[in-house]
Every structure is written in C-alpha cells, then in structure tokens.
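Dock chain B against the given chain A, drawing on the hints supplied.
Protein chains in written order, with my numbering: chain A, 1 to 430; chain B, 1 to 430.
These are calculated hints, taken from the structure and not from any lab test. Note that beta-carbon positions come from the ideal geometry of N, C-alpha and C, so glycine has one too. Careful: at least some of the hints might be erroneous.
Said to hold, decoys possible - Computed Cβ-Cβ distance ranges for the label pairs, DEER-style:
hint : chain 1 : residue 1 : chain 2 : residue 2 : range
1    : B       : T81       : A       : G296      : 20 to 28 Å
2    : A       : S171      : B       : D149      : 44 to 52 Å
3    : A       : E83       : B       : T288      : 25 to 33 Å
There are 2 protein chains.
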Amino acid sequence: MSADDGAGRGLSRRRLLGAAGLGALAAGTAGAGAGYAMADTSPPPVVVDPDALPIRFEGVHQAGIVTPSQDRLYFVALDLTTEDRNSLIALLKQWTVAARQMTQGNDVGEMGAVGGSPYSPPEDTGEALGLPPSGLTITIGFGRGMFVDDKGKARFGLDGLLPDRLTDMPSFSGDRLDDALSGGDIAIQACANDPQVAVHAVRNLVRIAFGRASVRYSQMGFGRTSSTSSAQVTARNLFGFKDGTNNIKVEEKKAVDDFVWVHQEDGPAWLVGGSYLVTRKIDMRIETWDRESLTGQQAIMGRTKGSGGPMSGGDEFAAIDFDATNEDGEPAIDLKSHVRLAHPDFNNGAKLLRRGYNFVDGSNGLGQLSAGLFFISYQRDPAQFVQIQRSLAGLNNDLLNEYIVHVGSGLFACPPGVGPTGYWGEKLFA
Amino acid sequence: MSADDGAGRGLSRRRLLGAAGLGALAAGTAGAGAGYAMADTSPPPVVVDPDALPIRFEGVHQAGIVTPSQDRLYFVALDLTTEDRNSLIALLKQWTVAARQMTQGNDVGEMGAVGGSPYSPPEDTGEALGLPPSGLTITIGFGRGMFVDDKGKARFGLDGLLPDRLTDMPSFSGDRLDDALSGGDIAIQACANDPQVAVHAVRNLVRIAFGRASVRYSQMGFGRTSSTSSAQVTARNLFGFKDGTNNIKVEEKKAVDDFVWVHQEDGPAWLVGGSYLVTRKIDMRIETWDRESLTGQQAIMGRTKGSGGPMSGGDEFAAIDFDATNEDGEPAIDLKSHVRLAHPDFNNGAKLLRRGYNFVDGSNGLGQLSAGLFFISYQRDPAQFVQIQRSLAGLNNDLLNEYIVHVGSGLFACPPGVGPTGYWGEKLFA
Numbered sequence: 001m002s003a004d005d006g007a008g009r010g011l012s013r014r015r016l017l018g019a020a021g022l023g024a025l026a027a028g029t030a031g032a033g034a035g036y037a038m039a040d041t042s043p044p045p046v047v048v049d050p051d052a053l054p055i056r057f058e059g060v061h062q063a064g065i066v067t068p069s070q071d072r073l074y075f076v077a078l079d080l081t082t083e084d085r086n087s088l089i090a091l092l093k094q095w096t097v098a099a100r101q102m103t104q105g106n107d108v109g110e111m112g113a114v115g116g117s118p119y120s121p122p123e124d125t126g127e128a129l130g131l132p133p134s135g136l137t138i139t140i141g142f143g144r145g146m147f148v149d150d151k152g153k154a155r156f157g158l159d160g161l162l163p164d165r166l167t168d169m170p171s172f173s174g175d176r177l178d179d180a181l182s183g184g185d186i187a188i189q190a191c192a193n194d195p196q197v198a199v200h201a202v203r204n205l206v207r208i209a210f211g212r213a214s215v216r217y218s219q220m221g222f223g224r225t226s227s228t229s230s231a232q233v234t235a236r237n238l239f240g241f242k243d244g245t246n247n248i249k250v251e252e253k254k255a256v257d258d259f260v261w262v263h264q265e266d267g268p269a270w271l272v273g274g275s276y277l278v279t280r281k282i283d284m285r286i287e288t289w290d291r292e293s294l295t296g297q298q299a300i301m302g303r304t305k306g307s308g309g310p311m312s313g314g315d316e317f318a319a320i321d322f323d324a325t326n327e328d329g330e331p332a333i334d335l336k337s338h339v340r341l342a343h344p345d346f347n348n349g350a351k352l353l354r355r356g357y358n359f360v361d362g363s364n365g366l367g368q369l370s371a372g373l374f375f376i377s378y379q380r381d382p383a384q385f386v387q388i389q390r391s392l393a394g395l396n397n398d399l400l401n402e403y404i405v406h407v408g409s410g411l412f413a414c415p416p417g418v419g420p421t422g423y424w425g426e427k428l429f430a
Numbered sequence: 001m002s003a004d005d006g007a008g009r010g011l012s013r014r015r016l017l018g019a020a021g022l023g024a025l026a027a028g029t030a031g032a033g034a035g036y037a038m039a040d041t042s043p044p045p046v047v048v049d050p051d052a053l054p055i056r057f058e059g060v061h062q063a064g065i066v067t068p069s070q071d072r073l074y075f076v077a078l079d080l081t082t083e084d085r086n087s088l089i090a091l092l093k094q095w096t097v098a099a100r101q102m103t104q105g106n107d108v109g110e111m112g113a114v115g116g117s118p119y120s121p122p123e124d125t126g127e128a129l130g131l132p133p134s135g136l137t138i139t140i141g142f143g144r145g146m147f148v149d150d151k152g153k154a155r156f157g158l159d160g161l162l163p164d165r166l167t168d169m170p171s172f173s174g175d176r177l178d179d180a181l182s183g184g185d186i187a188i189q190a191c192a193n194d195p196q197v198a199v200h201a202v203r204n205l206v207r208i209a210f211g212r213a214s215v216r217y218s219q220m221g222f223g224r225t226s227s228t229s230s231a232q233v234t235a236r237n238l239f240g241f242k243d244g245t246n247n248i249k250v251e252e253k254k255a256v257d258d259f260v261w262v263h264q265e266d267g268p269a270w271l272v273g274g275s276y277l278v279t280r281k282i283d284m285r286i287e288t289w290d291r292e293s294l295t296g297q298q299a300i301m302g303r304t305k306g307s308g309g310p311m312s313g314g315d316e317f318a319a320i321d322f323d324a325t326n327e328d329g330e331p332a333i334d335l336k337s338h339v340r341l342a343h344p345d346f347n348n349g350a351k352l353l354r355r356g357y358n359f360v361d362g363s364n365g366l367g368q369l370s371a372g373l374f375f376i377s378y379q380r381d382p383a384q385f386v387q388i389q390r391s392l393a394g395l396n397n398d399l400l401n402e403y404i405v406h407v408g409s410g411l412f413a414c415p416p417g418v419g420p421t422g423y424w425g426e427k428l429f430a
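Chain A on its own, in the form it takes in the complex (with noise of 0.2 Å):
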C-alpha cells in the first residue's frame, strides 16, 4: 500500500501551493467565495489576497510581536516535565525547524505531511494541507518556571540567567485567578488570518514536545483587539466599543524601541532584543454589560461607542482633554474611567503594546456566554504592566471592574529573534 494516491510520494503544502504560485492561491480563494453568486459561471479575478501571505520568520526580534495583528490567536501555555538540559535544547531546536517550516506554509518534517514511511505516524498532522501560510507568526516566551524550581534551584543549568524581572506577577485588587489557566513554564502565541493554520502550528509544536512537557492551558482567540497597526481599522471588544486606539503601533520606531524591547542595559544579556509578555484572561460579564445605558457605558469606557472619540470631543484620534467639563459642570472624562486610568498621563508614561483578542468559550452553568478578552501584552519592563494594572484594578478605581474579572494571568521573557539557522533561547545555552 502505497503513502499516497499510488505514487509514492507525499503532498505538501509546498507543492499544493508552490506549483502555480501566488496568483493561483489568491485566485483560489476568490474561487472559493465565488460559490455565493452561483449563476456566475466567469473565472474569478486574480488577485493576491494580503492575508494569505507568509511573514517572515527570521529576525533580530521575534515575528508576533511588532507584526501587524493578525485576526486569530491560538496560545498555549506548557510545563516542562523533563529535567534534562539536552532534552530541552533539543525540544527548543525540533520546536524552531518546525515553526520555520509551518511559517512559510510548509509541512512540519523533511518529507511532507503524508511522505515517509506508511508505517509510522505522519511527520504532520495533515489539517493545514492546502491552506495558504495565512500570516502564521509563532512566538515563545520563557517563564520562571524554566528557570527556576518551586524551591528557587535552577532548572536545566540556567542559573544566573533568570531575568530579575521574570518575577512572581504581583496580585491585584479584585484577581480571582484560577491557577489551572495561569502561569507555565513555556507559551507559545500562534497568531494567523485563518483558525486552523494557527492551530495546526499549536498542535504539531505540543505533538513534538511529547514526553518533554504537556499542555498547562490554551486559549482560541479571535477579532484582532487590540489594534497594532496604523494601516488598520481599530477593532472592537465583546463591550462593543473600540479597542486599542491609544495602543502603541508597529509603526512608531521610536515608542516600540522605547517601550516594547529590551536593551543591552536592561540586562540580562540572552534577553536583549526581546520583550515582556503579560497575559490576562479577562471574563466579561456579558449580560450585565448589556443592560447597562449608553450613558453609563460610555462614562464608563470614557469614550463614545459609536466613533469611539472621547467624551471631551472630537473623533477617535482627537486628544483627550482630561480638564474638560459637561454641561452640569462635571469632568466630561470620569475620573474612575477606563481611558482615563489607564492612559500614559496618569502612569508615569508607562505604556504597553498591547496585542489581545476577543474569546468565546462558549457558555457557562448559568446559561451565561463565556466570553471576555485575553489579553495579551509586550513591554520592556513587566512594570510598566504593573503600574498600569495597579491603576485599574480593583471596585473602587476602575469603573469597567464591575463587568471584568480577571481569571488567568502569565508573565512570560521573549528571548530575541533567530537567524537562519539558530534556535529559540541559542544564547541561554551558549
């Protein structure tokens, strides 16, 4: 029995997609959408569609950071269950040959997804045959827990290589943070245009990690808030409103190199040219959101929900003028508002790049939706988080606290992005 149709011989997405190149793919896809005018039988344009594209792996900074944010998030947070240093380079280095691959829209493995021996499982799991690369970034994050035992001992001979920042996250007012959906040793963010591509990426990389470390938690995400790019239209949470209009964009050189990586003084050295992640799992509770007014709503948010301009006027972009006043006399901008205390002004200018998606879950015991925001961030330094979450948190600050609670939390080191031919965290183990 052959491995395939007779010839021999695997399919792979290379060759599914390589043979007629890009024209042919975006053709493909407007061939596909093309089904809903069904009495037109004319070929369809040919066009590139942006979103089916590869990003580059390759980089002083890891892809999935500063690229612009694609519309679909699968995360994954793992625990090592290997103690051995050999062990883990291996897994870092099987981990980034695979991410490479499934990145430029290939298979995981030299011989496609169904090459090989028809005897053994195959190299690749099969879903993503025929999807286009669809964007696909794949970023890790190092925990404490990597580096560091229960008992503070280092883990894999890494010791005096654990960030002094890569601390325990403080805990804030109102947390109510479920252990089994916080921390891990190990996350991974796939981020792409098409679900099954960034979970294909997630569950080929846990495939390979099998015997090394296991699934701690993971999280399906989509809708794009909050907005990274200046070319794209701010997206909007499950509240309804904007989010991610003040966020710091990929195209502000100067505010990403002062705020999202981290530099030679910082310290430590493997980390240079990485980045922070902070992630927050963010209930919401939907349906007493949507029995709240307008006016609350947007007294709340401290910004409208139709154009998401501030409620001291103008457009979305307009500056918020903290001293303006209604026409009662009260700050037009709440005090306890969500703009407000998180804004750089009132922080010490701390800002984040933040990069979260809208989840449902589905729905709880209650009959109630099982939705919110993971929330995903990249900083310099986890205290710019700190300060801006200790602004929020808790009933008597933020006045969104009544209609959030945060459920899952992690705080993951990023290291620097690999060259040809090196692997994730090369410099731990130099």
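Chain B in isolation, oriented as in the chain A frame:
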C-alpha cells in the same frame, strides 16, 4: 451628554458601510491587509471581497442550509423559560426582525447601535459596528421540548403540531452524551465568514430572549467541514483528512430536493419546505490519532490523507470500488472503514447534507486538546441520520470509533423560510 460624537445620532453599520458602497468596503478590507507590506504606500486595489457580501434572508427555505458553508459557526441551543403562547410568538417575531437586520449588515433595532435614548441600554451590543455582513445566515430549529413537556403535555397550545419524526434521538452504541450539551427547545445556527459577526448575531438574539428563553449550551466552530458547494475546495477535519468529498452539494438540485427538504407528503403542513437538523458534538482523541501510522489512518478512513482519493485508487472524486483488493488480496477499502460504513450503498441509499465545523475549546484537565467536530446535518427525515449512525456506531463497526466519542446530540425541526413580512414558524400559530 449626547448619545454619540456630540451630533446626537447613532453610528450604524448601514451608515458606515452604505456611505461609500461595496468598492470602498472591499478596499478597506484590502487596506487593512496591506499593513503587512508596510513599505508599500500605494493605494490598495478596489476589489469586492465575496466573503463580505450579504446573503438573502427571505426565501422559500431558510438561508444557512443550502447556502455554501461559510467559514465560521456560532451555534446556540436555548430552553424556553416562558409558558405563554403570546410571549413565544412575540419572541419569534422579534427574532425574525433582528435576524433580517443583522444578515443584511444592519444593527438590531430601529435607531442604530448607539441611537435612541442615552439613558437606555443600546439596542445593539455594538461589536459588529463597522464590519460588513460577512455572509451571515441565521437558521432556526424547534426541538421536541417546544411542543411537549416531559410528560407529553402540549406546550404553547401546539397540540397536534408535533411532527411524528421529531422524536427523541435513539441511543447509539458508544454514546457518552452529556445532557448539558444536548437537546434544547430551540436551536439557532449562525454562520458567517467573520466569527465576530456570528457571535454578535447570537448574542443579540439571546439578549432579546431575556426572560423568555435561556441558553442551554453554545458552540464556536471553524474550518467549514463539510464542504457543501462544488465551488469550494474540500476542507479538512482535525484528523487532517478531507471531509465532505461525497457530501450532497447544494448545486445538486435533485439530491437536495430528495434528501433535504420536507415535502407535502411527509407532513406536518407547517414544516413543508423545512428540514430536520441533527447536531452531534464529537470529541476527537487528537493525541491518540496523531500516534497512529499513516497506513492505519488511511485504512480507518478508507481514503488517502493527501488527495483524499479512495484507497481503491484514483483522485478525490473518483468512484469508490468497494470490491477492489490490494497486493495482499485484502479489500483495498477496509470493511470497517469510515467511508464504507457511511456510504449510501451500505445504508439503503441514505444521504445527508452535512454542514459541520471543527472546534477547539481549549484544553481538558489532562493537558489534551479539547477538540473535535461539531457535526451538523440537514435531512428530510431524521431516519436518514439514524440509519447511517447505526451503521457507524460501536466499536464493532466504524474503525474511527476508537478515536472519537459523541458527547452532545440535538434534533430540531427547521421551519421553511419567511417572506418579507413573515416570521419564523408563523404557520404553527396561524
């Protein structure tokens, strides 16, 4: 304080999208994607994205059944908490108005998402503001529980209107059904090419139902298994195999008429032009499957993993030769393979219109992917599904059963479509 922007009027989806027409809409889509090529500042080409277009709501049949499958699903099952006939009629009328609005890319309500009194909750929850119709369809089905209570007593005065065929689904060998993921008095299937649009639709319908119906369970899905149009490339399930090669295609008018729509002679009269909807939440044992050899995977499915051609030879759409033998003299198509046991030739000719979606709900407590297939099929008679499922179910039958488990089940009668002024299920109350 004004409702929005100081101009005292709402910003609706219609206004946002209608202003510049479809060309601008599509250009906006391409413009967002053009962020990837950040050095290129030339204006994006103006093309119509077929995935963004609206699907007609009115018709002889409900949309969302023979509509070529969209990319994303949000499905919800609700239980009626009212016992009042007029309250149910009002709910169905309000839902129909809202579905008509949302499928055409408009806000729910008469005043735009943020219109109306600022001291009332917004009529529309707002998270789809600025998004195109995205091929949204909303399809309703009625469960047995809407017609009779647990003791068989009629509800809502619907005496004599319960279809004989809307029975409790028989149990199948190997079923491990969770009552909390099964049944429901009413089902709503929202499909769209943008998950935010599908989520928005269900959320607003659930909100409208407050006090009259509550959510029993809900399910997100992606990946368009099974393919329902000959214009679509066959999608892959999470076992990595093409799914739906031999599915009824919506272009096959005779098969659709024979196997999907309820006819006059089938009765009852109110259901003519409608269809029966079967749902099955099927968990996949992903990690176990991924350790199965390619030979094993292909034998179980009866098809090759690459092209999806039958193991008896030929390409994806080649006729299956169940009598073919391999070089060892054994049947090329295993007698217990999925493709054989599900085939019409071994099921008295029974066929279904499958319209399922892949799902990933995150991870389970064992660190495994909580993933699988949310199976959806439409058929003229539930007996078609029962015939095939009886053929498949149990460890002595379909080899695939070692890797899947059915955890949820639903059966609903979907009324015919509505005209420009009608409402879902109106003939039940005539």
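Query raised in the report: Of the hints stated earlier, which fail here?
Result: none
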